[in-house]
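Engineer: Take a look at the letters that make up each chain.
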Amino acid sequence: MSTIEIAEAVDEKPVAPQARPASRAGLRLAGFLLPVILAVLWEILVRAGLANGRLMPPPSVVGKTLWQLAVSGELWTHAAATLWRVAAGFGIGAAVGTALGALTGALPLARGLLDPTLQALRAIPSIAWVPLFILWFGIFEASKVALIAVGVFFPVYLGVAAAILSIDRKIVEVGRVFRLGKLAMVRRVLLPAILPDWFTALRGGLGLGFMFVVAAEIMGASEGLGYLLVDGQQLGRPDTIIAAIIAFAVLGKFADGLLLALTRPFLAWQDTARDRL
Amino acid sequence: MLTFDQLSKTYADGTRALSGIDISVAAGEILALVGGSGCGKTTLLRLVAGLDRPSEGRILLDEAAITEPRADVGVIFQEPRLLPWLSVADNAGFGLSHLPAAERSRLVTGALARVGLAGYEARWPRELSGGQQQRVAIARALVTRPKLLLMDEPFSALDATTRASLHGHLLALWEESRPTVVMVTHDVEEAVKLADRIVVMQPRPGRIFDELDNPLTRPRDRLSPAFEATKREALRTLDRSLTDSEPRQHKAAESAGMWW
Numbered sequence: 001m002s003t004i005e006i007a008e009a010v011d012e013k014p015v016a017p018q019a020r021p022a023s024r025a026g027l028r029l030a031g032f033l034l035p036v037i038l039a040v041l042w043e044i045l046v047r048a049g050l051a052n053g054r055l056m057p058p059p060s061v062v063g064k065t066l067w068q069l070a071v072s073g074e075l076w077t078h079a080a081a082t083l084w085r086v087a088a089g090f091g092i093g094a095a096v097g098t099a100l101g102a103l104t105g106a107l108p109l110a111r112g113l114l115d116p117t118l119q120a121l122r123a124i125p126s127i128a129w130v131p132l133f134i135l136w137f138g139i140f141e142a143s144k145v146a147l148i149a150v151g152v153f154f155p156v157y158l159g160v161a162a163a164i165l166s167i168d169r170k171i172v173e174v175g176r177v178f179r180l181g182k183l184a185m186v187r188r189v190l191l192p193a194i195l196p197d198w199f200t201a202l203r204g205g206l207g208l209g210f211m212f213v214v215a216a217e218i219m220g221a222s223e224g225l226g227y228l229l230v231d232g233q234q235l236g237r238p239d240t241i242i243a244a245i246i247a248f249a250v251l252g253k254f255a256d257g258l259l260l261a262l263t264r265p266f267l268a269w270q271d272t273a274r275d276r277l
Numbered sequence: 001m002l003t004f005d006q007l008s009k010t011y012a013d014g015t016r017a018l019s020g021i022d023i024s025v026a027a028g029e030i031l032a033l034v035g036g037s038g039c040g041k042t043t044l045l046r047l048v049a050g051l052d053r054p055s056e057g058r059i060l061l062d063e064a065a066i067t068e069p070r071a072d073v074g075v076i077f078q079e080p081r082l083l084p085w086l087s088v089a090d091n092a093g094f095g096l097s098h099l100p101a102a103e104r105s106r107l108v109t110g111a112l113a114r115v116g117l118a119g120y121e122a123r124w125p126r127e128l129s130g131g132q133q134q135r136v137a138i139a140r141a142l143v144t145r146p147k148l149l150l151m152d153e154p155f156s157a158l159d160a161t162t163r164a165s166l167h168g169h170l171l172a173l174w175e176e177s178r179p180t181v182v183m184v185t186h187d188v189e190e191a192v193k194l195a196d197r198i199v200v201m202q203p204r205p206g207r208i209f210d211e212l213d214n215p216l217t218r219p220r221d222r223l224s225p226a227f228e229a230t231k232r233e234a235l236r237t238l239d240r241s242l243t244d245s246e247p248r249q250h251k252a253a254e255s256a257g258m259w260w
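Those sequence lines, one after another, are chains A and B. At position 200 of the first sequence the residue is numbered 200 (the numbering used here), and the sequence of numbers has no breaks. At position 39 of the second sequence the residue is numbered 39 (the numbering used here), and the sequence of numbers has no breaks.
I should point out that these hints are in silico values taken from the structure, not numbers from a laboratory. Treat the hints loosely; a few may be bogus.
Stated by the list, open to error - The list that follows gives simulated cross-link-like pairs (lysine-lysine, DSS-like), each with its CA atoms no further than 30 Å apart:
no.: 1; chain 1: A; residue 1: Lys170; chain 2: A; residue 2: Lys182
no.: 2; chain 1: B; residue 1: Lys231; chain 2: A; residue 2: Lys64
no.: 3; chain 1: B; residue 1: Lys147; chain 2: A; residue 2: Lys182
no.: 4; chain 1: B; residue 1: Lys147; chain 2: B; residue 2: Lys231
Unchecked claim - Covered, in the sense of this in silico footprint (three residues per stretch, anywhere, with C-beta under 8 Å from a C-beta of chain B), are these stretches of chain A:
no.: 5; stretch: 28–34
no.: 6; stretch: 187–201
Unchecked claim - For the chain B half of the interface with chain A, some residues (derived, Cβ under 10 Å), not all of them:
no.: 7; residue: Arg46
no.: 8; residue: Phe77
no.: 9; residue: Pro125
no.: 10; residue: Arg140
no.: 11; residue: Thr144
Yeah, the Cβ is synthetic: ideal placement off N, Cα and C, and Gly gets one too.
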């Protein structure tokens with residue numbers, strides 16, 4: 001075995017630019033500045049009697065409503081109902097979207113047969129399905145879950161199909177040179193290659209899932225955060241509406257963060273600026 | 001022994017990339033293919049790798065025709081083509097998945113050490129410089145001990161210092177198992193430095209213009225007069241290939257015919 005000296009010049013390693021932790025945390029906090037200032041300003045204006053807080057209640061009132069909803073347990077019932085619907089719809093939509101996306105991405109025949117129809121269906125605003133879904137699936141859970149599933153399906157389907165079509169031929173050739181069989185090629189090359197795009201598509205789908213759950217619940221529900229919105233409107237209580245909106249935001253952000261945390265370990269290899277986003 | 005037997009490649013759009021290629025490469029020989037762009041060097045290499053099929057003719061490696069990628073043929077591409085989701089060690093050991101983990105890790109550690117990357121096993125490809133990535137690719141191709149090694153301008157994207165150092169690594173690795181090597185390059189100095197024989201190709205359609213035996217013995221000193229002379233001869237042949245439209249072999253055949 002021969003030993004070889006390495007020229008120093010060859011060995012330099014690119015150093016990843018990294019912001020100082022302190023300034024990064026500072027930057028993150030800076031994002032809170034604007035909403036906090038606005039909230040405090042509004043609170044002061046209402047308290048001073050300079051503004052009427054009836055249609056746009058000040059933060060203290062919204063906070064109190066939110067607290068009462070939480071203490072009475074109502075908030076958790078509604079949040080759980082909403083979360084369940086999103087989870088069910090997301091599960092179905094993501095599974096079907098991934099399967100069909102993989103099919104049309106991998107097989108030209110399936111693409112020719114299915115893709116035009118799916119693209120045409122995509123052009124329909126998904127809310128337009130609601131009356132039909134209610135006729136088909138009834139007014140209870142099934143129709144809501146179906147609507148959310150449709151909303152989740154399209155971004156996942158498009159993302160997976162596009163990811164498969166854009167797999168780098170050069171990387172696939174490496175697999176061919178090492179004589180990978182069909183299954184090994186999928187497992188060792190194709191699947192890891194589409195993983196980042198698939199996760200991004202799932203995130204997009206989840207976001208849409210939360211949009212559609214609001215639509216589904218506004219159309220008619222007896223529980224859920226969307227029901228709380230309608231309830232607040234009918235009772236003339238904007239503080240309830242805003243409390244529900246805040247709950248939606250927190251829930252959506254939480255679900256997105258959960259998905260991100262679950263997928264991040266699989267993407268440690270990525271050469272992107274993602275962890276700074 | 002690697003033999004190209006009247007090899008031609010015509011693409012679906014009618015482009016004739018290669019026509020009537022006849023070369024024999026002895027076992028353990030290093031053959032360099034040089035020529036201007038579009039003369040089918042890369043096409044030829046892809047045919048040998050089994051990534052494309054020839055339109056006519058055959059490629060024989062020890063009497064067996066190559067029609068698809070083979071386990072005993074290693075390929076180093078122009079780019080490193082590492083799989084970004086695998087660590088350096090897993091990339092280098094990509095072709096060894098049939099071996100038990102301990103054996104694989106032993107071979108990989110050895111191969112990485114020989115390209116000067118000991119201790120880099122757990123790194124991601126993104127953490128390496130271009131030259132380091134290409135060295136991982138060299139280790140990946142050689143760790144399986146191929147009988148035939150194909151290289152498609154593997155050092156062309158690197159700076160001169162890195163390139164010279166990689167030439168050293170490559171020759172050292174080649175010395176160990178002496179595989180047959182077919183390399184494509186546009187760098188005549190690289191060809192003179194590494195190859196036993198230099199084949200100059202001509203474009204439209206890709207064909208052999210002339211070939212040149214390298215008289216130099218190893219190790220070769222880039223600064224010696226003999227190296228300089230060989231390099232000059234190779235450059236002259238390459239220049240002629242760019243101005244002459246007729247391959248030399250055909251001319252010889254024609255004049256012979258006229259004499260007769």
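Engineer: Would you mind confirming whether the straight-line C-alpha gap from Lys147/B to Lys182/A stays at or under 30 Å?
Structural biologist: holds, 25 Å
Engineer: With chain A as the partner, please determine if Arg46/B meets the hint condition of a C-beta pair closer than 10 Å.
Structural biologist: holds, 9 Å
Engineer: Quick check: do three or more residues in the stretch 28–34 of chain A have a beta carbon closer than 8 Å to a beta carbon of chain B?
Structural biologist: Violated: only 0 residues of the stretch 28–34 of chain A have a Cβ under 8 Å from chain B.
Engineer: Hold the hint about Thr144/B up to the distance rule: shortest CB distance to chain A must be less than 10 Å.
Structural biologist: Since the shortest Cβ distance to chain A is 8 Å, the answer is holds.
Engineer: Mind checking the CB of Arg140/B against every CB in chain A and telling me if the closest is under 10 Å?
Structural biologist: holds, 9 Å
Engineer: Examine the stretch 187–201 of chain A for residues whose CB is less than 8 Å from any CB of chain B, and state whether their number is three or more.
Structural biologist: holds (count 5)
Engineer: Is the Cα-Cα distance between Lys231/B and Lys64/A 30 Å or less?
Structural biologist: violated, 86 Å
Engineer: Holds or violated: is the Cβ of Pro125/B closer than 10 Å to a Cβ in chain A?
Structural biologist: Nearest chain A Cβ about 8 Å off; hint holds.
Engineer: Does Lys182/A sit within 30 Å of Lys170/A, going by the straight-line distance between their CA atoms?
Structural biologist: holds, 17 Å
Engineer: Is the Cα-Cα distance between Lys147/B and Lys231/B 30 Å or less?
Structural biologist: holds, 28 Å
Engineer: Does the CB of Phe77/B sit less than 10 Å away from some CB of chain A?
Structural biologist: holds, 7 Å
Of the hints listed earlier, those the structure fails to meet are numbers 2, 5, in rising order.
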